[in-house]
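Given the sequences, and given the hints that come with them, work out the whole structure.
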Amino acid sequence: MITDARPLAPEFVPSDVVHRDAEVNTLSANLRPIIRGEQPNPSLLVGPSGTGKTCIARYTVDKLREEALDVETPYVNCWEDYSPYRTLYRILDELTRAVDIHRTSTPQDELVERLREYDEAPVVVILDEVDQLEDKDLLYDLFRVTGLSMVLIANREEALYGELEDRLQSRLQTASSIRFDPYPTQELVNILTDRARWSLREDAYEESQLRRIAESAAGDARVAIMTLREAARYCRREGLTQLTSTAVDHALPEAKAEIRQKNVERLTEDQQALYEIVQEAGEIRPAALYEAYQNRVDDPKTDRTVRNYLEKMERYNLICARGENRGRTYVDAQTEH
DNA sequence: CCTCCACTGGAAGATCGGGAAG
DNA sequence: CTTCCCGATCTTCCAGTGGAGG
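All residue numbers for the first sequence refer to my numbering, where the first residue is 1 and numbers rise by one.
Just to be clear, a hint being listed does not mean it is correct.
The calculated lysine to aspartate or glutamate pairs, modelled on EDC-like cross-linking and capped at a C-alpha distance of 16 Å, are [as the list claims (entries may be wrong)]:
#1 Lys301 x Asp270
#2 Lys136 x Glu157
#3 Lys312 x Glu134
#4 Lys256 x Asp220
Computed beta-carbon distance windows for the label pairs [said to hold, decoys possible]:
#5 Trp198 x Gly323: 17 to 27 Å
#6 Asn325 x Glu276: 42 to 52 Å
#7 Ala321 x Gly239: 15 to 25 Å
#8 Ala257 x Gly323: 43 to 53 Å
#9 Arg197 x Glu238: 30 to 40 Å
#10 Glu269 x Arg6: 32 to 42 Å
#11 Val264 x Ile35: 16 to 26 Å
Keep in mind the hints are simulated off the structure, nothing from the lab.
Ideal Cβ positions, reconstructed from N, Cα and C, are used throughout, including at glycine.
And the structure:
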């Protein structure tokens, strides 16, 4: 029943976007100075996950490239490349293919210097999940590179601004921020209809099934599309030719589990042990957690290191830290409501 | 009110691994 | 080969926070 799986992939950018005209237009207008050879102010796309920020950023930047031929548009996901060094490396890698940059032994300052020297074309960097960047000073360096402009993407504006120093804050004042809200159900249905039309056999789905998916996705397009994909896979496994209600029911928890599983796999052995303990306990106090951890692994790290792990796992949305100081407990994000 | 103490998280320094330079 | 230098990771140290209990 699947004719083309690509439109169901998380990173797919459609050649035409729906329901985000205003956002696209604002972002296009922000970037327009590039065509005249001027440097645009940074743009800041803010909103919860699955509201189309990444998609619209990539889409708009691609359009810009069609109009102004020599624009480079490197994309960095700061969740994956969270250290300043890796972010810089990724940008340069996309710009120059980084042939002679070796993973270590090239100091960070030199990477910045190379970015400054790059003058072949104006550069628009998309920094996705920029609130996950652990050292925001890098933004300041990037702001000062002439010929480089930025599209910043963050879940919550406060999370970003809260950590910034004054000099960065004042720089970001000039940024125009574009707010993304969760999709209403009908818009999700339309998005799903497009994806289904591009990727599934025509007679394989009905709008009522897509609507069920849209309703359960709570405004999150990523969850909706992943659910559709899981449902289609389920049908293929079971040899069904039609998207059924059973398939949709199966798909929703599976889509969520898949997102979770991806995050767990990225953890180290120690971190996975911690995650298991929290998962088994449901809710656990710090001292008990550390004690259980010491018993579980052969060569336990110090408690301070464990706190760094927990912070990281919280950013991955695997666990939640509830309360402060003495009242702190760690909760499995899955059972947390 | 005050003191205790479990807990947090910043800062600085040690150590590791890998590539470059000598 | 050794030495040097880098980022990444982990440890050590510690000031700060706020709830519990005198």
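So, going through the hints one by one against the coordinates:
1. Lys301 x Asp270: holds, 8 Å
2. Lys136 x Glu157: Answer holds: Lys136 to Glu157 is near 14 Å, not above 16 Å.
3. Lys312 x Glu134: Holds. Lys312 to Glu134 sits at ~11 Å (cutoff 16 Å).
4. Lys256 x Asp220: holds, 12 Å
5. Trp198 x Gly323: 17 to 27 Å: Distance hint for Trp198, Gly323 is violated at roughly 46 Å.
6. Asn325 x Glu276: 42 to 52 Å: About 26 Å separates the Cβ atoms of Asn325 and Glu276, which means 42 to 52 Å is violated.
7. Ala321 x Gly239: 15 to 25 Å: violated, 45 Å
8. Ala257 x Gly323: 43 to 53 Å: violated, 27 Å
9. Arg197 x Glu238: 30 to 40 Å: Distance hint for Arg197, Glu238 is violated at roughly 22 Å.
10. Glu269 x Arg6: 32 to 42 Å: holds, 34 Å
11. Val264 x Ile35: 16 to 26 Å: With a Cβ separation near 45 Å, Val264 and Ile35 fall outside 16 to 26 Å, so the hint is violated.
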